[in-house]
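The sequence shown begins at 1 in this note's numbering and counts up one residue at a time.
Quick caveat, the hints were computed from the structure, so don't treat them as lab data.
Mixed in with the good hints, there may be bad ones.
Computed Cβ-Cβ distance ranges for the label pairs, DEER-style [as the list claims (entries may be wrong)]:
no.: 1; residue 1: Gln-70; residue 2: Lys-246; range: 41 to 49 Å
no.: 2; residue 1: Gly-76; residue 2: Pro-245; range: 27 to 35 Å
no.: 3; residue 1: Arg-274; residue 2: Arg-104; range: 32 to 40 Å
no.: 4; residue 1: Lys-155; residue 2: Gly-227; range: 50 to 58 Å
no.: 5; residue 1: Glu-124; residue 2: Gly-76; range: 42 to 50 Å
no.: 6; residue 1: Pro-245; residue 2: Thr-75; range: 19 to 27 Å
no.: 7; residue 1: Arg-176; residue 2: Val-105; range: 29 to 37 Å
no.: 8; residue 1: Gly-76; residue 2: Glu-132; range: 45 to 53 Å
no.: 9; residue 1: Ser-260; residue 2: Glu-30; range: 53 to 61 Å
no.: 10; residue 1: Leu-271; residue 2: Lys-155; range: 22 to 30 Å
no.: 11; residue 1: Leu-116; residue 2: Thr-37; range: 42 to 50 Å
Backbone N, C-alpha and C fix where the C-beta goes; we use that ideal spot for every residue, glycine too.
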Amino acid sequence: MAVHGGDGEREPDPSDSLRTFGAVVQALREHAGLSRTEFGTLIRFSKHTVESVELGRRMPDEVFVERGEQATGNTGALRKSAQHLSRGEPGLAAWFRRWARLERVAVSLCTYECRLVPGLLQSEPYARAVFEGTIPLVPDEQVEVLVAARLERQKMLRERPTVPFSFIVEEHVFRRRFGDVERVRESLDYVLAQAALRNVTLQIIPQEAGLHACLDGPVQLLETPEGRRLGYSEGQQNGRLIGDPKEVSLLQQRYDTLRSQALNHKESRGLLERLRGEL
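Using the sequences provided together with the hints, build the complete structure.
Structure follows, in structure tokens:
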């Protein structure tokens, strides 16, 4: 009896859908009272392959899905969940992937940032400096993957010219040095170029503005094609998709209030140009 082999096709960056599928396999296997070895014998795959699939480290093929269905009672759960499988998206944190997918179809996007230049407005040297400074350090080749993913994501600003993108950013973000003068100047030029697009609005909170409505931290808001509003909040090594209508409504109120407290688009461009001139 031929047994399919080990982990030659291990995923370098498991996706959420792979992890979910693996959890379904494990739940059905355990419900059937089968160990990984027993399940592997039934479906003619090695124990190590079963383990890799259950942990989301391997993309299952059609044979695995079909034999897995037969071994767990033909419930249809594996076939249906397999339809939604996708590989990991290189360069995107696991907790950000779902939001990134929503961004690509959103009919509007709002971003408030107080830590860094928003990813959609970062120049390549700025993005590279961000990734090179992360802890733990990542290999050079991974930095290249991360930078490429960020620049690829930025394309939607130009590829979706009828979608409004709103950014509100603290002034001190643009004053923070991350390299030599030329790098900083290049970063400001890049932000100015992105903000010059007709569908992009950039507003800056000047340092003298004092306390304001979004002191709880960065936030992003979007509207789906179906008219649903969602929020996203990110912290240390985690991100949270916010779907509760009351919470999203509160965040939207804060963002709208912050718009009135920030410099308008023209004044914000003028401030960036002055900052550039001071270098």
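Checked hints:
A beta carbon spacing of about 46 Å between Gln-70 and Lys-246 agrees with the range 41 to 49 Å that was offered as a hint. Between Gly-76 and Pro-245 the beta carbon distance is about 33 Å. The supplied range of 27 to 35 Å therefore holds. A C-beta distance of roughly 35 Å is found between Arg-274 and Arg-104, which places it inside the suggested range of 32 to 40 Å. Between Lys-155 and Gly-227, the C-beta spacing of about 25 Å breaks the proposed range 50 to 58 Å.
Evaluation of the 42 to 50 Å hint for Glu-124 and Gly-76 yields a pass: the beta carbon distance comes to about 47 Å. Distance hint check: the CB atoms of Pro-245 and Thr-75 are about 34 Å apart, inconsistent with the given range 19 to 27 Å. At roughly 32 Å, the beta carbons of Arg-176 and Val-105 sit within the given window of 29 to 37 Å. Range check, Gly-76 to Glu-132: about 47 Å between beta-carbon atoms, so the 45 to 53 Å window is met.
Restraint check, Ser-260 to Glu-30: a C-beta distance of roughly 55 Å satisfies the suggested window 53 to 61 Å. One distance hint, 22 to 30 Å for the beta-carbon pair Leu-271 and Lys-155, holds here, with the actual separation near 27 Å. With their beta carbons about 48 Å apart, Leu-116 and Thr-37 fall inside the hinted range of 42 to 50 Å.
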